[in-house]
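So the chains spell out like this:
Protein chains: 2
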Amino acid sequence: MRFIDKLRHRWHEADSLLCVGLDPEPSRIPRHLHGDPDAVFAFCRAIVDATASYVCAFKPQIAHFAAVGAESTLERLIAHIHAAHPSIPVILDSKRGDIGSTAQHYAREAFQRYAADAVTVNPYLGQDSIQPFLDHADKGVIVLCRTSNPGSGEFQDLLIDGLPLYRHVARRVAREWNDHGNCALVVGATWPEELAQVRSDVGDMPLLVPGIGAQGGDVAAVLRNGAAADRTGLILSSSRAILHASDGDDFAQAAADAARLQRDAINQAR
Amino acid sequence: MRFIDKLRHRWHEADSLLCVGLDPEPSRIPRHLHGDPDAVFAFCRAIVDATASYVCAFKPQIAHFAAVGAESTLERLIAHIHAAHPSIPVILDSKRGDIGSTAQHYAREAFQRYAADAVTVNPYLGQDSIQPFLDHADKGVIVLCRTSNPGSGEFQDLLIDGLPLYRHVARRVAREWNDHGNCALVVGATWPEELAQVRSDVGDMPLLVPGIGAQGGDVAAVLRNGAAADRTGLILSSSRAILHASDGDDFAQAAADAARLQRDAINQAR
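Chains as they are written, first to last, in my numbering: chain A, 1 to 270; chain B, 1 to 270.
Hints are computed from structural coordinates only; laboratory data are not their basis.
Just so we're clear, the structure is a prediction, and the values are computed from it rather than from any experiment.
Heads up, a few of these hints could be off.
[To be verified] Incomplete in silico selection of chain B near chain A, CB under 10 Å:
| hint | residue |
| --- | --- |
| 1 | M1 |
| 2 | D5 |
| 3 | E25 |
| 4 | A63 |
| 5 | G97 |
| 6 | A103 |
| 7 | R113 |
| 8 | A115 |
| 9 | R175 |
| 10 | N178 |
| 11 | D179 |
| 12 | H180 |
| 13 | G181 |
We put the CB at the ideal spot given by N, CA and C, even for glycine.
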């Protein structure tokens, strides 16, 4: 199934806009797993299985695996999600961006090696650098637009013809890059006003919105400013607040509770 | 030794501004290596050993390894360069860019896991996304500025206060990001006029210039417009024209010949 259809189906099936980000910090893995040689996998699988009912997507962050040479853990984790929770799309958060044949290798990394349904990419190099991803019409291509970090405005806010760079990115993606209808954008929950502007630029395109958990984004403002006309259109991602809801033996149940509460808080604001 | 010192030393020691990009295409590995289960490593090691005398740096491109799950090959290749050619800096071409703790994981990937001397990064997310790399004062942080691809101008050329975005990036990096003197910029050889503008913006900062080989950049124009006052300041990268100078048994000798000729052509234009 195409990413975009899988996502739309899952929004309704689970009645959820919540995405759980899988960014495991080895130093915060619960102590009782420390003896397990496969602790990161065991931890992430438990989080996935405990929270699956409450999510529209999972978003593993590749650097957290690559920094410690754990690519095979990531491969197995994504395979587990597909096998155990086949209706939940997997977004590989890798923010790739390179040119020509190298971009093709990155597309192969995301879609063949890791079998992700969608991938995050960086727009700075222009459309031809993203085309090898866009050409996979069944896969989602989620382009960085206005990121959630405090310094995101350094370049993204520079004004060109009266509009900030991030809105030029949003408009180019919506008007020029989206021939296959497989594009989405990243806009941080920490910037609700910018979210409203992007939504006005891109119609009902899905927006991946990180930062609603530990980074402190305001859920009601995000919903008010970012939802599409049908009150979907958002993938609201939380990582640490769910992954590390408890550092004890009860971490999976605590993650499930945190995910359920977060999903409900989102739905209350819809 | 700090990357920048290692690079300056090597420019003089080898009398070379040439960098060989290690972007192995499995389909173009010479046929007589096909029976070797470690063919990509054998191929790259032979290229490294044959061309080492003629280069100021090696630049492995990570996607070419990651697409096929060959991270351990890349680890061993970089370890081989450090062991056999300790005065030659290794630039990991990975164009990373992410926020907060994730950026720290990417810095760990580049500098601890792969033991690279320098890494390429994407500026779109702003300085705070690059700070975890910049904090490694002994490592080089090479920021994308004006890339070599045909569509690089889509965002990089947008005018802000009369100056294109890529010059804002160049100036910010030179004036704000370079407290440790460990920054450099990427400017494609395919854009000699833009190279002159960047050089005027950043003083003697090193510029990594891909695109002099198969991509067709004009070496004389690159030297004229891009060299620093002392006729160094450039890392001129060629990949395919050297790696695949011959597809036969003589590939290593052909690569050595191509690298020597390229170095000499560069030096003639200095």
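Consistency of the hints with the structure:
1. Annotation: interface hint on M1/B violated; nearest CB of chain A at approximately 24 Å, more than 10 Å.
2. Because the beta carbon of D5/B sits about 26 Å from the nearest beta carbon in chain A, more than 10 Å, this interface hint is broken.
3. Because the smallest distance between the Cβ of E25/B and any Cβ of chain A comes to about 7 Å, under 10 Å, the interface hint for this residue holds.
4. This hint holds: A63/B has a C-beta 4 Å from the nearest C-beta of chain A, less than the 10 Å allowed.
5. The beta carbon of G97/B comes within 6 Å of a beta carbon in chain A, closer than 10 Å, and the hint placing it at the interface holds.
6. For A103/B, the interface hint holds, since its Cβ comes within 10 Å of a Cβ in chain A; the closest pair sits about 8 Å apart.
7. Annotation: R113/B was flagged as interfacial toward chain A, and the flag holds, the nearest CB pair being 6 Å apart, inside 10 Å.
8. This hint is violated: A115/B has a C-beta 13 Å from the nearest C-beta of chain A, more than the 10 Å allowed.
9. Taken as an interface hint, R175/B does not check out: its beta carbon lies about 12 Å from the nearest beta carbon of chain A, beyond 10 Å.
10. Because the closest C-beta pair between N178/B and chain A is about 15 Å apart, greater than 10 Å, the hint is violated.
11. A hinted interface residue such as D179/B counts as satisfied when its beta carbon comes closer than 10 Å to some beta carbon of chain A; here the least separation is about 15 Å, so the hint is violated.
12. Given the 10 Å rule on beta carbons, the hint for H180/B is violated: about 18 Å separates it from the nearest Cβ of chain A.
13. Evaluation of the G181/B hint against chain A yields a violated restraint, the C-beta minimum of about 20 Å exceeding 10 Å.
Hint check: violations occur at hints 1, 2, 8, 9, 10, 11, 12, 13; the rest are consistent with the structure.
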